[in-house]
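Number of protein chains: 2
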Amino acid sequence: MKYFEDVAVGDVSEIGSFTFTQEAIKRFATAYDPQPFHIDDEAAARSLYGGLIASGWHVASIWMKLMVAHQKNEMARARHQGGVAAQLGPSPGFRDMVWAKPVRPGDTLHYRVEVTARKETASRPQWGLVFMRSFADNQDRERVFQFDGVVFWEKRSGA
Amino acid sequence: MKYFEDVAVGDVSEIGSFTFTQEAIKRFATAYDPQPFHIDDEAAARSLYGGLIASGWHVASIWMKLMVAHQKNEMARARHQGGVAAQLGPSPGFRDMVWAKPVRPGDTLHYRVEVTARKETASRPQWGLVFMRSFADNQDRERVFQFDGVVFWEKRSGA
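Chains as they are written, first to last, in the working numbering: chain A, 1 to 159; chain B, 1 to 159.
Errors might be hidden in some of the hints.
Computed Cβ-Cβ distance ranges for the label pairs, DEER-style [stated by the list, open to error]: (1) B:Arg143 / A:Gly82: 24 to 30 Å; (2) A:Gln139 / B:Ala45: 20 to 26 Å; (3) A:Arg141 / B:Arg143: 39 to 45 Å; (4) A:Glu120 / B:Asn73: 45 to 51 Å; (5) B:Ala8 / A:Ala24: 36 to 42 Å; (6) A:Glu114 / B:Pro36: 24 to 30 Å; (7) A:Val9 / B:Thr19: 38 to 44 Å.
Here are the simulated EDC-like pairs of lysine to aspartate or glutamate, each with C-alpha atoms no more than 20 Å apart in a straight line [unchecked claim]: (8) B:Lys72 / A:Asp41; (9) B:Lys65 / A:Asp40; (10) B:Lys72 / A:Glu42; (11) A:Lys72 / B:Asp41; (12) A:Lys72 / B:Glu42.
Derived from the structure by calculation, the hints contain no laboratory data. No experiment lies behind these values; they were computed from the predicted model shown. Every residue gets a Cβ at the ideal spot worked out from N, C-alpha and C, and that includes glycine.
Chain A with its partners taken away, still in its complex shape (with noise of 0.2 Å):
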């Protein structure tokens, strides 16, 4: 993970990806979108949909998760290395988050994150704020989700 100071606008990283198997879209459904369209078969055939379907919460979930798994690995690179990384700080929020295609069981999307700005801060000197541009296409190469994020960041300076 760069710090702060090496991150440069335009930097696409590759997150990872994930297959939303039926039964993934199911447990998360039934935890936290109980929708019919997302748990229920029969339901979901005769949706607007014409099948089951990822909730979009799901789906933005999976971001994080790989964003983590992401960050984790980064760092762990730049212990090897003999290095330190940089700590991703809390978010204070996204923007325009756009579900735009169903995610269907089987589909696998490829998560990448572009980094759009990036801002001092004066209230909390130790970090920056990166805004980063985040989206997922499925394996036909289709955009189906997007949105723009910003995060704090740690400085070198600060570490």
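Based on the hints, put chain B in the right spot on chain A.
For chain B alone, coordinates are given in the frame of chain A:
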């Protein structure tokens, strides 16, 4: 559940409350957001937050869970009164999600939704678009979570 024709700008619905136990916080985060300050008490105590906090995606997913339950109750009530209830349709996305304050073990969030605008759609004449501001306040009446969403809403004329 009202039909699109009955939805008015300014309508506010209490959709429900949820207490974020330590167990619930760790269960969600272990599966979807395993950052140290969501799953590990000691690491959380050393973090910026000074203690365990809920994943922002957990706070959002509970909104969805309560919304589905609220909708189900409204439909049951409509059927009980001999009426027919509208279905909520898919959401194309949302905007400006803000996690304004940390959610800690034992915090109870009260979720509400306010209709901010409504619009006809050309592409799907049996549905209208309803714009909603959703928010959650904690037991101290502090605003901890907010976002602006939009959903397709069934029309009476399309039922």
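Going through the hints against the structure:
In this structure, Arg143 of chain B and Gly82 of chain A break the distance hint of 24 to 30 Å, their C-beta atoms being roughly 45 Å apart. Between Gln139 of chain A and Ala45 of chain B the CB atoms are about 42 Å apart, so this pair departs from the stated range of 20 to 26 Å. Between Arg141 of chain A and Arg143 of chain B the beta carbons are some 40 Å apart, a value that agrees with the proposed interval 39 to 45 Å. Judged by the Cβ atoms, the range 45 to 51 Å given for Glu120 of chain A and Asn73 of chain B holds: they are separated by roughly 48 Å.
Separated by about 39 Å at the C-beta atoms, Ala8 of chain B and Ala24 of chain A satisfy the suggested range of 36 to 42 Å. With their beta carbons about 26 Å apart, Glu114 of chain A and Pro36 of chain B fall inside the hinted range of 24 to 30 Å. Between Val9 of chain A and Thr19 of chain B the beta carbon distance is about 42 Å. The supplied range of 38 to 44 Å therefore holds. Only pairs whose Cα atoms come within 20 Å are accepted, and Lys72 of chain B paired with Asp41 of chain A is accepted, the gap being roughly 19 Å.
Taking the CA atoms of Lys65 of chain B and Asp40 of chain A, the gap is about 16 Å. The hint holds against a cut of 20 Å. For the hint pairing Lys72 of chain B with Glu42 of chain A, the CA-to-CA distance comes to about 18 Å; that is within 20 Å, so the pair holds. Using a Cα cut-off of 20 Å, the hinted pair Lys72 of chain A and Asp41 of chain B holds, with the two alpha carbons roughly 19 Å apart. In summary, the hint linking Lys72 of chain A to Glu42 of chain B is supported, as the alpha carbons are separated by about 18 Å, within the 20 Å threshold.
Against the hints set out earlier in the document, violations occur for numbers 1, 2.
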